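Novice: Residue numbers (UniProt numbering), protein chains in the order written: chain A, 1 to 124; chain B, 1 to 124.
Simulated from the structure, these hints should not be mistaken for lab results. Keep in mind the model is a prediction, meaning the values are calculated, not measured. Don't take every hint at face value.
Pulled a few chain A residues facing chain B out of the computed Cβ check, cut under 10 angstroms [said to hold, decoys possible]:
1) Asp13
2) Tyr15
3) Arg17
4) Val34
5) Leu35
6) Arg53
7) Val54
8) Val57
9) Ala71
10) Thr92
11) Pro101
12) Leu102
13) Trp108
14) Arg120
15) Ala122
Glycine residues also receive a C-beta, built at the ideal position from the N, C-alpha and C atoms.
2 protein chains.
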Amino acid sequence: MTTTDTLDPLVWDPYVRDCPTRALLDRIGDRWTVLVIGALADGPQRFSQIARRVDGVSQKMLTQTLRALEADGLVTRTQYPEIPPRVEYELTAVGHTLRDPLRALEEWAVTHMPAVLAARAARG
Amino acid sequence: MTTTDTLDPLVWDPYVRDCPTRALLDRIGDRWTVLVIGALADGPQRFSQIARRVDGVSQKMLTQTLRALEADGLVTRTQYPEIPPRVEYELTAVGHTLRDPLRALEEWAVTHMPAVLAARAARG
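This is chain A alone, in the form it adopts within the complex (with noise of 0.2 angstroms):
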């Protein structure tokens, strides 16, 4: 067991009060991150083509997204010195992990969004 004042590195514990994890969990559980790294899960891709397949993110939060994704080395750029010139980003090894917990969620969503409607409907 794990305490706020005994955090150890080796013991994360998102149910811990001050564990990185929790802001780990904030991040990967983020609509954007989901559907961004679900765009990747084929492949390498540029900006305009992940921003197609999320329809409707801004380029903004696309931009804010893939530079966290990248900061916490689950997504790579890579810059081709062509010219024009082709950025793309892609999955690291970590990022690849990601890809089936959040497919599980999206499939959750995806299965369960008429029990839910159902749910709030029955709320009036």
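Given chain A's structure and the hints, the job is docking chain B onto it.
Specialist: For chain B alone, kept in the frame of chain A given last:
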């Protein structure tokens, strides 16, 4: 394939701009949802028990999270006619189906926290 123009309630798709699964993803990926559903995994709990398990959650945030989960039909709130009144929160059948995907997220965060911290440190 769905598009925003042909949004079909039978074909939910969070990659489509106005699909309600996108907002549902936000809800279920939220750190407090993940931890509260986790806290309720082993059976009904009182507010104070959940608050203790989810170390550091504010009363306001916990109330808000539980109400949202209730509204979506994922958690029930039962008040027992005792003195003092006892109130318990419990996962519904649908709420239980969310447990595995959210546990996978939790486990991902715990497992990959070191890699993410190393990536952040490497960028200085």
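Novice: Now tell me, hint by hint, if it's right for this structure.
Specialist: Tested hints:
no. : hint   : in the structure
1   : Asp13  : holds, 7 angstroms
2   : Tyr15  : holds, 6 angstroms
3   : Arg17  : holds, 3 angstroms
4   : Val34  : holds, 6 angstroms
5   : Leu35  : holds, 6 angstroms
6   : Arg53  : holds, 6 angstroms
7   : Val54  : holds, 6 angstroms
8   : Val57  : holds, 9 angstroms
9   : Ala71  : holds, 6 angstroms
10  : Thr92  : holds, 8 angstroms
11  : Pro101 : holds, 4 angstroms
12  : Leu102 : holds, 8 angstroms
13  : Trp108 : holds, 5 angstroms
14  : Arg120 : holds, 6 angstroms
15  : Ala122 : holds, 8 angstroms
Of the numbered hints stated above, none is contradicted by the structure.
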